Amino acid sequence: MARIGVFICHCGENISATVDVAKVAEEAAKMPGVAYAMDYKYMCSDPGQTKIIEAIKEHKLTGIVVGACSPRMHEATFRKAAEKGGINPFLCEIANLREQVSWVHPRTEATTRKAIDIVRTIVNKVSKDTPLFPIKVPVTKTALVIGGGIAGIQAALDIANAGHQVIMVEKSPSIGGHMSQLSETFPTLDCSQCILTPRMVEVAQHPNITLHTFAEVESVSGFVGNFDVKVRLKARSVDMSKCTGCGTCWQKCPSKKIPDEFNAGLSYRTAIYSPFPQAVPNKPVIDRANCNYFQKGKCGICKKVCPAGAIDYEMEDEIIDIKVGAIVTATGFDIKHTDFFPEYGYGEFKDVIDGLQFERLASASGPTSGEIRRPSDGKIPEKIVFLACSGSRDKAKGIEYCSKICCMYTAKHAMLYKHKHHEGNAYVFYMDIRSAGKNYDEFVRRAIEEDDVHYIRGRVSRIYEKDGKLIVKGVDTLMNAEPVEIEADMVVLATAVVANPDAESVAQKMHISYDKHHFFAEAHPKLRPVETNTAGIMLAGACQTAKDIPDTVSQASAAASKIMGLFSSDEMTREPVVAVVNRCMPPLFTTCTGCLLCLEVCPYHAIEREEIKDRRTGEILKVAAKVNAGLCQGCGTCVAFCRNKSIDLQGFSNQQMLSEVVALLNKPF
Amino acid sequence: MKVGFYPGCSLEGSSKEYSKSLFAVSEKCGITLEEIKDWSCCGASAAHSLNHDLSIALPARTLALAEKQGLSEIVIPCAACYGRLAASQQAILNDKAILEKTEKYIDMAFTGNVQLLTVFEFLQKYIFPVADQYIVDKLNQKTACYYGCLLARPKDLTKLERPENPMEMEKVMEKAGATPIDWAFKTECCGAGFSMSRTDLVAKLSGRILEDAAERGADSIIVACPMCHSNLDLRRPEIKKQLKKDINIPVLFITQALGLSMGISAKELGLDKHFVPTGKAVSCIVKKEA
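First to last, the sequence lines map onto chains A and B. Under our numbering, think of the first position of the first sequence as 34, with each following residue one higher. Under our numbering, think of the first position of the second sequence as 1351, with each following residue one higher.
Derived by calculation from the structure, the hints in this document are not laboratory data. All values reported here derive from a predicted model rather than from experimental measurement. Note that CB positions come from ideal geometry on N, CA and C, so glycine has one too.
If the Cβ cut is set under 10 Å, some of the chain B residues that face chain A in the computed set are:
| # | residue |
| --- | --- |
| 1 | P1513 |
| 2 | N1515 |
| 3 | E1538 |
| 4 | R1566 |
Derived DSSO-like pairs (lysine-lysine); straight-line CA-CA distance at most 30 Å:
| # | chain 1 | residue 1 | chain 2 | residue 2 |
| --- | --- | --- | --- | --- |
| 5 | A | K502 | B | K1492 |
| 6 | A | K430 | B | K1509 |
| 7 | A | K428 | B | K1446 |
Please model the complete structure; the sequences and the hints are all you need to start from.
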């Protein structure tokens, strides 16, 4: 006979304010199989756990039910307590009385009744539970870092410096990401490239880091500690081992009118190109979509002029298989472009630019060598209007969130302009100034007070062109809501930070979740901000949400430390919630008939065909399915498909599930 | 071909020429416009600022009458009327409770199966396919196509692709042999209903519209809303005072301009009804080359 203990938690007032916890404990005590029941203010606290441990010993409990928050929150905590008390941790189960009861219902008798019902189902399940034992799996101590921006670079260096192997995959021809495009960085105005490029070089030269640029992850399978990843090395059309990066090819390439991505479309590049002078690796690729040779079959100039004979038009994409133990997803972000704003001219006015374009104009390595000149006629603008919150915090535009970095970079932009042109006028239209961060508010105040940037609190309804000027129509909500009109030479939109266009497909490849804006979802918004819900896959940088450089670097280091923790032992334990095919005495061996329908439907390829042979003769007696516990993720698809119920999920067996339902129907089973 | 027609108050009064020219162009192209019998006021801005139910019931009554009359499509040339009728139809179709209440008010069944056409949709659907054979003249002038507020917005109702910079009228004008200009005040406010109470404001707002059109060399301004027309045409003396200069660009309804290219006489199109003489626009016209 089972001796089950029931422990009802008040969760401060989270549960007890809505549910009559004493009543629940009282009712639980009467349930069949329950030997002891109690309630307590904080079951998860140290004294709370001690009460569980003592009760197990005192009442000789064989299983326990904790009526508390979601099992996602504290199941592990209570199972550890159960283990300390001397029972198998899998004989401890959670009745979710917070997320499924107190948080979603008012305080009524029915709510308490529901809590009692839930406790009853779990009590009944525990009476059917059997001890389970964790599965040990080896750990591959190599990390994959996807994305070579500052997030990926930081994570890769941290992991590599801890002595582990790192494979970095970057989709563009060079690492560096958006940070390499920036001019100066707030709040110190130090040059972005000056602080970034040494780290880029360090990645390339680090003995523990293998770098694949112009490469993309094709698929990810396996599980924490043992991921199998396919990486597509896109055909560069340039043999990296021969190329010296001399640059003769791109100097001679005749296709010179391709918008330059690195310069945010403000200049042109050639079809064979290296994205920027400090690129790592500084070896070119051929952009086949824009190359005469690939499009028209004629040209071949780069091949003729290459002194190293490195050009290879026949090169094909190559897929490589790698094994890694953990993954850092650091795929970065994108921004909305000016064509997103009908009211600001549908992107048709040349002198209305986005923040990234301004970065390139202000950058010494940019198309104007750092002179701020407007794109239409190259004149130095006498008046620039900056619009913060362009698209962000705007429900009508479908972007409710704050893009976080714009307040700061707009202040920086205005400041950079004023530093270069003291006589010029800079205006900033803003909603609120959000400058929380070390030395951030001081930086904004400096723009306003020392650099004489005119801040106008209000929004801009319209921009139109007239006589070579941009007429900016807005409102100053602090000056009697007066309409304001400014004749500007250039307008900079601090456009919203958005997820990368391919974020959704990346998330699906990785099997990680994402929010409605396609930013990747962390496992817990507060307590697990760098992990995803898929064990072993971490997040770093703006692929999770809009983030500035310090936050990105912090998160990247946090992701790295999580992985170093994972790599600190040679094997790791996994929860034994896996499917098993039943076995019994010969001559039946198992009720499995070997139809192998389960093998077809298993999304993790965890089921294999097993031949049961006569030990002496080697004769095949039966064919059955077998689950590889290392690969099984416990999804239960095979259980649903099994025609004669020969597969069961440990910890969630058909009998256990049924016992919960039966308990709910109020019939002791 | 028969299409239903809802005039609203303006097209029977201050903007008679809008209606006149629409009928003239339709007739030329073999389209018969059938007026909804016993139609009532759309409620305009008065109804929806006083009583929400009334603002839905008034247009609903007209739409129910159109259903009774067997009309499957109606063209609503006035921008404000279109806005009200479309808003009412949408509100009723989206909410069963509103439907039940409204049917009680109007004491008629409402199925909402009448399709509402803006003047652009009407021209696109019925006039465009046959227009080329009737267009005999080339307008041969620079036109500033002016949309104001309600022709372009709200986007849900007007169904325009680019509400901040619409191109619907430009397409019509190009067909009629005019050169539409790119200008900045296409969708700015003309002052609308403040015409009576704050004529000074209307003069300021409409004045800016005229000024931009004039500076960019427009020979005529093309409109498709009675309110816009009245503010830009009728209020010219106040505008002159405001701008301290005389701008004599004529303001034509889109159907008038299109009618001119079809060789319909100025009189038939009601061009004699305007305050600003339209001779300047008419004098530009040349015969279309074969």
